[in-house]
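First to last, the sequence lines map onto chains A and B.
Counting from 1, position 36 in the first sequence corresponds to residue 36 in the working numbering; the numbering is continuous, with no gaps.
Quick note: to get the working numbering, add 1000 to the position in the second sequence (first position is 1).
I should point out that these hints are in silico values taken from the structure, not numbers from a laboratory.
No residue lacks a Cβ here, since even glycine has one placed at the ideal position from N, Cα and C.
Hints should not be assumed to be uniformly reliable.
Claimed, not checked - Which chain A residues face chain B? A few, computed with CB under 10 Å, are given here: (1) Y97; (2) A105; (3) L153; (4) T309.
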Amino acid sequence: MIDVEIRQRLGDFLLDVAFSGGTGVTALFGPSGSGKSSVIKVIAGLTRLDAGRVVLDGKVLADDAGRHAPPHRRRIGVVFQEARLFPHLSVRRNLRYGRLFTPRAERRIAEGPVIDTLGIGHLLDRHPATLSGGEQQRVAIGRALLASPRLLLMDEPLAALDGPRRLEILPLIEALRDEFGIPIVYVSHAVDEVARLAGRVVVLEAGKVVREGAPADVFRVAADRFEIVSVVEGRLGKPDDAFQLTPVETPAGIVWLTGIIRPEGRTAHVLVRAIDVALATHRPVGVSIRTVLTGTVAAVPDGPGPSVTVDVTLDGGGRLAASVTRAAVADLELVPGRPVFALVKSVALDERPV
Amino acid sequence: MPDLSPDAWTAIALSFKVAAMATLWGVPVSILLALILARGRFPGKTLFDGIIHLPLVLPPVVTGYALLLLLGRKGPVGAFLDQQFGIVFSFRWTGAVVAAVVMSLPIIVRAIRLSIEAVDAHLEQASGSLGAGPVATFFLVTLPLSLPGILVGATLGFAKALGEFGATITFVSNIPGETRTIASAIYTASQSPEGDGEALMLSVIAAGIGLAALVASEIIARRLRRTSS
């Protein structure tokens, strides 16, 4: 359990942030320059705290009274954007580095499972310089974990990687989260990463917390309709190998994802952009769209402009934002309480990209 | 075998002994000083840096004279060491070692400092986040990564110590078998009418040793750079 309260002058703005995080992933989300990395630095002990406090598992690491535990006494692991592996040590020695400084009684995390989960067993005798960027980052994650930290900070760990590498590592982080039970504070400006990994999102803008909550709630609010994202939760079904589709079963209907995604039965978070959702008052026939979800209009905001983001409550409790024109709202008489069918283009859906 | 007098051979052996001891003492001291200069932040750092480099710009005689004043038997430090511990530097080969250390220090510190500064501070941060304190981080990360610079500094320092003359002769004089190093022996030989051959021979040997040290350090550094990247 991490409890953070920071008031800090930071260049020309004031960092004023308070949040707490428990097990699972707490995401710090926001554009670059919003102060996310500064928060990480304060938690890790790399920056001294002006005012506020950092408390981990009931232990005060830093506060106003001048207490400041040095980074190496905090037992907080950090995964940076760059892997920062020690170039003079083999992968194996990099992985074992933190163990040297972990008291025997606190070595909760064993080497075998971490190496297996990250798939780095074949790299152990190599030197960091000979690894690809994705491999280096996997080793860096393993190295941080094997110090058995009480908290793991991940500062944009995928930002330096290209698309395919990111998709390769994201599920690994997901697996670590579920398998090793270490609380993670995850910094990112990528909606897909945050929506997929985090149980809770803290949105920072210019050094302040502007929103906080579950990803599904947080990403429904955005200034620009192109950025509004809903998160639909469901269970992965049996993939359709012939058509290369995977169903996600939700109470409101089946969401079809492109591609084969496993394992069957796992909970999946599907990101849906508001601009990829169409609404209909009758179950449509003769359309190419495969994903049709049932729900009720919850809210239609007033306001100027040709388009509006309609809030739909899905059957079973999920929420979905649909960006439609005001003309359509008038035509279909979309008012709160009206049952609707939400049509989502499958090609626009994936478990991750936005 | 070159035709050298037994005295000349003694001088060569003594030079090696003095230079080896000077390197052995000089390198750890230099590592400490280089670390302070590379990573430390304190008032007067520039002055501190200047004092370390002073022997490089002062006439060596001045450095030797300063050592004599400080560490001579009647000097404040020298008298204390003599009375308390029975340690005497002046006119002893150990004094030649002290002179060589002081004179080679700036060169060694410079080489090591550059390579410590080239170590990515982010790696030291990563080490800290894995639970390693500053001392452990220094020995496990900073020091091994600065090894090329340390070896280069050590060989340069060794070569410099081997050739040291001005400060040595001022501080510990030119006593055969005790403080007469190659440089002093060359000087002595060159001052006597029949010593020309020996002076030349010793000069060639000194140049050979110096060149060998420089080449060796370059090869070692290149090899280390290759394995670490």
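Interface hint outcome for Y97(A) [beta carbon to chain B under 10 Å]: Interface hint status for Y97(A): holds (5 Å vs cutoff 10 Å).
Classify the hint on L153(A) as holds or violated, based on whether any CB of chain B lies nearer than 10 Å to its CB. holds, 8 Å
For the hint on T309(A), just tell me whether its beta-carbon gets within less than 10 Å of chain B. The hint is violated - T309(A) has no Cβ within 10 Å of chain B, the shortest such distance being about 42 Å.
Under the criterion of a CB-CB separation shorter than 10 Å, is A105(A) in contact with chain B as hinted? violated, 14 Å
The structure is inconsistent with the numbered hints 2, 4, although it conforms to all the rest.
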